[in-house]
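Each chain, letter by letter, is given below.
Number of protein chains: 2
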Amino acid sequence: MAEAAAAANAAVAAAPDGVVRQRIDKMSGEVVDSNPYSRLMALQRMGIVKDYEQIRNKTVAVVGMGGVGSVAAEMLARCGIGRLLMFDYDHVELANMNRLFFRPEQCGMTKTDAAAQTLAGINPDVALESYTMNITTLEGFEAFKTCLTVAGCPADGRSNGGGKDGSNDGSGGSGRDGDGSALQRAADAVSRVDLVLSCVDNYEARMTINQVCLELGQTWMESGVSEDAVSGHIQVVAPGRTACFACVPPLVVASGIDERTLKREGVCAASLPTTMGIIAGLLVQNTLKYLLSFGQVTQYLGYSSLKDFFPTMDIKPNPGCINLLCGQRQAEWAVGAAERAVAAAAAAAEEAAEAAAAGPLHDSNDWGIEVMPDAADVATLQQAQQQALPEGLQFSMPSGGGMDAEQLRQEAVQDTEEGLDDLMAQLEQLSGGNK
Amino acid sequence: MAEAAAAANAAVAAAPDGVVRQRIDKMSGEVVDSNPYSRLMALQRMGIVKDYEQIRNKTVAVVGMGGVGSVAAEMLARCGIGRLLMFDYDHVELANMNRLFFRPEQCGMTKTDAAAQTLAGINPDVALESYTMNITTLEGFEAFKTCLTVAGCPADGRSNGGGKDGSNDGSGGSGRDGDGSALQRAADAVSRVDLVLSCVDNYEARMTINQVCLELGQTWMESGVSEDAVSGHIQVVAPGRTACFACVPPLVVASGIDERTLKREGVCAASLPTTMGIIAGLLVQNTLKYLLSFGQVTQYLGYSSLKDFFPTMDIKPNPGCINLLCGQRQAEWAVGAAERAVAAAAAAAEEAAEAAAAGPLHDSNDWGIEVMPDAADVATLQQAQQQALPEGLQFSMPSGGGMDAEQLRQEAVQDTEEGLDDLMAQLEQLSGGNK
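One line per chain: the protein sequences are R and G, in this order. Each residue of the first sequence is one higher than the one before, counting from 164 in this note's numbering. Each residue of the second sequence is one higher than the one before, counting from 164 in this note's numbering.
Just chain R, same shape as in the assembly:
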């Protein structure tokens, strides 16, 4: 079959002069063969997305350029994402060829540089930043966080195409626990990315991403594929609003064995381009829904291929999370939630007052029809008011009330425990499916 490869190479030379994709200033919906965005802009005409071109203002960081991350990066580039940050410490090997994206001739290159090479050719409109670094070391932790907060990146990072050059603060990290200094760091830093996608294959890297995103108050999405290659999951982590990665034990990738350790012992995890491609697709689909505000962003979505089972669930934050910073984010979220509840109640009341001032639409009529209070409106108002308030805040409406903070806490604990039971039951189903 060596002839086949040779024939294919000959075909490259024989092909029409290679088209180089030119930069495009504005996405067009024009239906011509030469427009790379026509099928994406059609999402607007179909009523799916309100303003597709908003994607050019979005920045996504992909951490881990393996079988999931590389495909996720390619999907984002083809969708025309504005800026794409890519992180990995590893090189391309022939052993990666059973998954999509990398090609044999890229063996030996760093995964981030190989990806930047391919993606720049596919879509030069995307600003690519390629960071070859291990985020799990102390220095890597700080460098990673710096990359998410200021443009440009430390020493071993490399910005390809469009990334603004920025200063490297060069500070060595002093630890990543949820202590006072972390809280201080969190207060100082502001993220410059809209979303972080975790596509790593080990527990340590996930905990690193979790900590950095808690510090930055940065929403991220976790992904994973099981070691037997036949199941996987994606999960949204929004600091304070959902469980963080430390709130509950890891789900599908429960054993948390580092692939590198396994490889040294002459054993490796199985992988399939199908499972990894599907997980990458679900991850980026959720990303598009999140960034462009359409459909329903799913908080947790599992995939068990042997029986085509796709469990979904919501995982509430654990009030007893070992990461103190998560607790702080939860408190901040609760304050925000209370403020939103107050605003909702006020808006509902204002609407009700306006309706009352306007008087009944039909004061009397020939058919004896009476105007009754709308049961649904009353229920909505009561529901909004039942959102508990932390100390120091009061409902502005006479009918406002709510449970005290301790009562809220009790409820949250109970809810979380129920959530964990559900989780365990679903996990058992999942592992049953793998037998």
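Hints in this document: simulated from the structure, not taken from any laboratory. From a predicted model like this one, the values you see are computed outputs, not experimental measurements. Cβ atoms here follow ideal geometry from the backbone N, Cα and C, with glycine treated the same way. Hints may be right or wrong, so weigh each one.
Where chain R lies over chain G, by a calculated footprint (3+ residues, C-beta under 8 angstroms) [as the list claims (entries may be wrong)]:
#1 198-207
#2 444-455
No farther apart than 30 angstroms at their CA atoms in a straight line, the calculated lysine-lysine pairs in the DSSO-like style are these [stated by the list, open to error]:
#3 G:470 with R:479
#4 G:470 with R:470
#5 G:479 with R:470
#6 G:189 with G:213
#7 G:213 with R:470
#8 R:213 with R:189
#9 G:470 with R:213
For each label pair, taking beta carbons as the anchor points, the in silico distance ranges come out as [said to hold, decoys possible]:
#10 R:214 with G:271: 30 to 38 angstroms
#11 G:183 with R:499: 55 to 63 angstroms
#12 G:367 with R:207: 26 to 34 angstroms
#13 G:208 with R:459: 35 to 43 angstroms
#14 R:188 with G:197: 38 to 46 angstroms
#15 R:510 with G:483: 37 to 45 angstroms
#16 R:517 with G:459: 52 to 60 angstroms
Place chain G on chain R using the hints.
Below, chain G alone, put in the same frame as chain R:
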């Protein structure tokens, strides 16, 4: 960002000497970076697949090399499929760049040749056959069928790498209805492929694949993505055993509007690399389960991305299918099913007789325990015997019986109607999800 593309091209030259992937005679499970099959062979050690290397003896035809077909072909090539036939009539355009696989420099090439070029570089162990043809014309229909039955292909087809050269029978097709000549053709031809994957975007091409596969008794898998890009499905079609494409109206791609017609009017369907990549992944995952006998092959699997809803169902063949050949395949399947039921009943009876001859395991005992007939065994036997027989066949066992053919037909009709109701209900849910 043109500089970025230029920089990326420079990076190719600067990369370590391009590794050319050499042919490999036997798949190895050895865990070294240079082994492209280590992660696939690990599926055996993990207990998922019994004999992964069987994949090298399998042949799959992919019809339609668009956003689903090209990715499915890449997944199959990376998995080490033995032989891959690719069919498409179209050329690569910049307007295809919002989906995975094709690259801008391939614009102008036929999709099949561009795919063969890329895939030969990725995995030279795969025998690739590239057929640039429109299967929906009368000549295309016959040429397509010939490609599936004898090695090599008519005039406009091209065999790349490893495909045995065969003679082209050159016969022009005389029609493709389920008439006597079709039945005759069906009796003569033998398929040389293990599975056909339909990745086309129009009704006409699906009906063509359906007819050819009915004639050959060839199992195929259908796939489709909705015009608004946010839902899709895959479906297994096994002639006689499941619904054929003519048995029930098309599901998600219900309007059946030809994309080419739409394009001419300055309007195009929306598409996303995510949805298409997920459908390709689900399609090839089902293919691997089917070819390598693991997990559960799902007959119909839908994907509605807005709510992450994944309906599954079985669709029985329609006894009143407008395609007479489908009816014949159903009759053949019923005979086979009856034979299998007879064999199962005989095996169960033999087992029971052996058990009786051996006598009770404990004739009497100190605890007054009696040996009772096993209720489950009796139920299995009865169930097997309730499988109806067509005329001319009898159950070989004294207790054998069963309904007559008319009764069977009534039941089948009733079952199918119930199946259709379920279908419509699920479809309504699906379209509700898209609003």
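Each hint, compared with the structure:
Restraint check on the segment 198-207 of chain G versus chain R: 8 residues with Cβ-Cβ distances below 8 angstroms, three needed, restraint holds. Look at the segment 444-455 of chain G against chain R: 6 of its residues bring a Cβ nearer than 8 angstroms to a Cβ of that chain, three or more, so the hint holds. Annotation: proposed proximity of residue 470 (chain G) to residue 479 (chain R) holds, straight-line Cα distance about 20 angstroms (limit 30 angstroms). Under the criterion of a C-alpha separation no larger than 30 angstroms, the hint pairing residue 470 (chain G) with residue 470 (chain R) is consistent with the structure, at around 20 angstroms.
At most 30 angstroms may separate the alpha-carbon atoms for a hinted pair to count; residue 479 (chain G) and residue 470 (chain R) meet this at roughly 20 angstroms. Taken as a hint, the residue 189 (chain G) and residue 213 (chain G) pair is honoured in the structure, with Cα atoms around 16 angstroms apart against an allowance of 30 angstroms. Straight-line distance between C-alpha atoms of residue 213 (chain G) and residue 470 (chain R) comes to about 18 angstroms, which keeps the hinted pair within the 30 angstroms bound. Annotation: proposed proximity of residue 213 (chain R) to residue 189 (chain R) holds, straight-line Cα distance about 16 angstroms (limit 30 angstroms).
Between residue 470 (chain G) and residue 213 (chain R) the alpha-carbon distance is near 18 angstroms, which keeps this suggested pair within the 30 angstroms criterion. For residue 214 (chain R) and residue 271 (chain G), the hinted distance range of 30 to 38 angstroms is satisfied, since their beta carbons lie about 33 angstroms from each other. In this structure the hint that residue 183 (chain G) and residue 499 (chain R) lie 55 to 63 angstroms apart at CB holds, the actual value being about 57 angstroms. Against the hinted window of 26 to 34 angstroms, the Cβ-Cβ separation of residue 367 (chain G) and residue 207 (chain R) comes to about 29 angstroms, which satisfies the hint.
Look at residue 208 (chain G) against residue 459 (chain R): about 39 angstroms separates their beta carbons, and that is inside 35 to 43 angstroms. As the Cβ distance of residue 188 (chain R) to residue 197 (chain G) is approximately 44 angstroms, the hint placing it in 38 to 46 angstroms holds. Look at residue 510 (chain R) against residue 483 (chain G): about 57 angstroms separates their beta carbons, and that is not inside 37 to 45 angstroms. Look at residue 517 (chain R) against residue 459 (chain G): about 57 angstroms separates their beta carbons, and that is inside 52 to 60 angstroms.
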